[in-house]
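The residues making up each chain are set out below.
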Amino acid sequence: MELGRFSEVGLLIMVGLADGPKHGYALMEEVEGLRGSRPGPGTLYGAIARLEDADLIEALPEQDRRRPYRLTRNGRAALAAELASLDRVVTTGRTRLAAP
Amino acid sequence: MSRLVKLYPPDWRRRYGEELEEAAAASPGWRTRIDLVRGAIDAWTRSRGGNQVTDRLTKVAAALMLLPLLFLIMNLVNEITGSERILLEPFFASRIGEIAVVFSPFVALALVTFPSLTFAIDRQQGQGLSVSLRLGRFQLLVLAVAAVTAIAFLGYAFLENFVLRVG
Chain H
1 MELGRFSEVG LLIMVGLADG PKHGYALMEE VEGLRGSRPG PGTLYGAIAR
51 LEDADLIEAL PEQDRRRPYR LTRNGRAALA AELASLDRVV TTGRTRLAAP
Chain Z
1001 MSRLVKLYPP DWRRRYGEEL EEAAAASPGW RTRIDLVRGA IDAWTRSRGG
1051 NQVTDRLTKV AAALMLLPLL FLIMNLVNEI TGSERILLEP FFASRIGEIA
1101 VVFSPFVALA LVTFPSLTFA IDRQQGQGLS VSLRLGRFQL LVLAVAAVTA
1151 IAFLGYAFLE NFVLRVG
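Going down the list, the sequences are from chains H and Z.
Okay, so the first sequence: first residue is 1 according to the numbering used here, each after it adds one.
Okay, so the second sequence: first residue is 1001 according to the numbering used here, each after it adds one.
Rather than coming from a laboratory, the hints here were simulated on the basis of the structure.
Here the structure is a predicted model, which is why all the values come from computation and not from measurement.
Where is the CB? At the ideal position from N, CA and C, for every residue including glycine.
Watch out, some of these pointers could steer you wrong.
Stated by the list, open to error - Where chain H lies over chain Z, by a calculated footprint (3+ residues, C-beta under 8 Å):
hint, segment
1, 1012-1019
2, 1027-1037
Claimed, not checked - So the derived list for chain H, only partly shown, Cβ under 10 Å to chain Z, looks like this:
hint, residue
3, G20
4, H23
5, G24
6, T43
7, L44
8, E52
9, A59
To be verified - Computed beta-carbon distance windows for the label pairs:
hint, chain 1, residue 1, chain 2, residue 2, range
10, H, D55, Z, A1152, 45 to 53 Å
11, H, V89, Z, L1154, 50 to 58 Å
12, Z, L1141, H, T95, 49 to 57 Å
13, Z, L1141, H, A54, 50 to 58 Å
14, H, R96, Z, W1030, 39 to 47 Å
15, H, A98, Z, S1002, 24 to 32 Å
16, Z, V1148, H, L60, 46 to 54 Å
17, H, D55, Z, D1011, 14 to 22 Å
18, H, L60, Z, L1154, 58 to 66 Å
Isolated chain H (complex conformation) (with noise of 0.2 Å):
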């Protein structure tokens, strides 16, 4: 996922969503949970802009004057590649810090 300086954010987002649509903020509250931090207003869409774009998330019709987003099938496949990827980072770096 290239999304400049919207990666950490748009990875949350994209993790916020994996369990199903959600709005902007739900998904502000999302990544506070996530990161211990909430995110600006303008990092978050920016970041769910650049989804979009990106065909990774989707907005569903609006309820009650609210737009819900969710994984579209491009965006599930690139989450589940990205987690493979850092999993595989938690795992080597927890072996080489467990090692004498």
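Guided by the hints, dock chain Z onto chain H, whose structure is given.
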């Protein structure tokens, strides 16, 4: 906060404006304000989210602004090298063809700025390591026209200074 949301491109505001305002209202403060300004700059510099008409006008304006500068540089080179003032003579001539030949390198160089500016703007869009020069058919056509006009001028300058005036 809504004033800062107005900094975003119109297309972007239509798409995300209402949601953005709601999210900004949920966390007021100077950090949110700075984040909104950064987001607006990012939105304007992105090709799809940004205003494409503005992007095109910027390219045309930049190309036109180069013309007087290039003309000045070429004349300075002429002064320094002491060569004939072939670049100034056409101002006093009535032959349109001659004027066209003399101005052709400036047109050529201005045209060349189009693909190079495309490259520069792509780079601003934060593509990370995947920065690439997009050379579509239109850019290749522009480069071909630029090359032909530049060769025409160089041929003219060579003939004028080294062939026709010998003896």
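Verification of the hints:
Restraint check on the segment 1012-1019 of chain Z versus chain H: 5 residues with Cβ-Cβ distances below 8 Å, three needed, restraint holds. Counting residues of the segment 1027-1037 of chain Z whose beta-carbon sits less than 8 Å from any beta-carbon of chain H gives 7, enough to reach three: the coverage restraint holds. About 18 Å separates the beta-carbon of G20(H) from the nearest beta-carbon of chain Z, more than 10 Å, and the hint is not met. Given the 10 Å rule on beta carbons, the hint for H23(H) holds: about 8 Å separates it from the nearest Cβ of chain Z.
Look at G24(H): its Cβ gets to within about 5 Å of chain Z, closer than 10 Å, so that hint holds up. At its closest, the beta carbon of T43(H) sits 6 Å from a beta carbon of chain Z; the interface hint therefore holds under the 10 Å criterion. Because the smallest distance between the Cβ of L44(H) and any Cβ of chain Z comes to about 6 Å, under 10 Å, the interface hint for this residue holds. The beta carbon of E52(H) comes within 9 Å of a beta carbon in chain Z, closer than 10 Å, and the hint placing it at the interface holds.
Annotation: interface hint on A59(H) holds; nearest CB of chain Z at approximately 9 Å, less than 10 Å. Range check, D55(H) to A1152(Z): Cβ separation about 46 Å, and the 45 to 53 Å hint holds. Checked against the given bound of 50 to 58 Å, the beta carbons of V89(H) and L1154(Z), roughly 55 Å apart, stay inside it. For L1141(Z) paired with T95(H), a C-beta distance near 56 Å keeps the hint of 49 to 57 Å intact.
Under the hint 50 to 58 Å, the C-beta atoms of L1141(Z) and A54(H), about 30 Å apart, miss the expected range. Taking 39 to 47 Å as the suggested C-beta distance range, the pair R96(H) and W1030(Z) conforms, at roughly 41 Å. A beta carbon spacing of about 52 Å between A98(H) and S1002(Z) contradicts the range 24 to 32 Å that was offered as a hint. Between V1148(Z) and L60(H) the C-beta distance comes to about 53 Å, which sits within the given range of 46 to 54 Å.
The hint said 14 to 22 Å for the Cβ distance between D55(H) and D1011(Z), and at roughly 18 Å that hint holds. Under the hint 58 to 66 Å, the C-beta atoms of L60(H) and L1154(Z), about 60 Å apart, fit the expected range.
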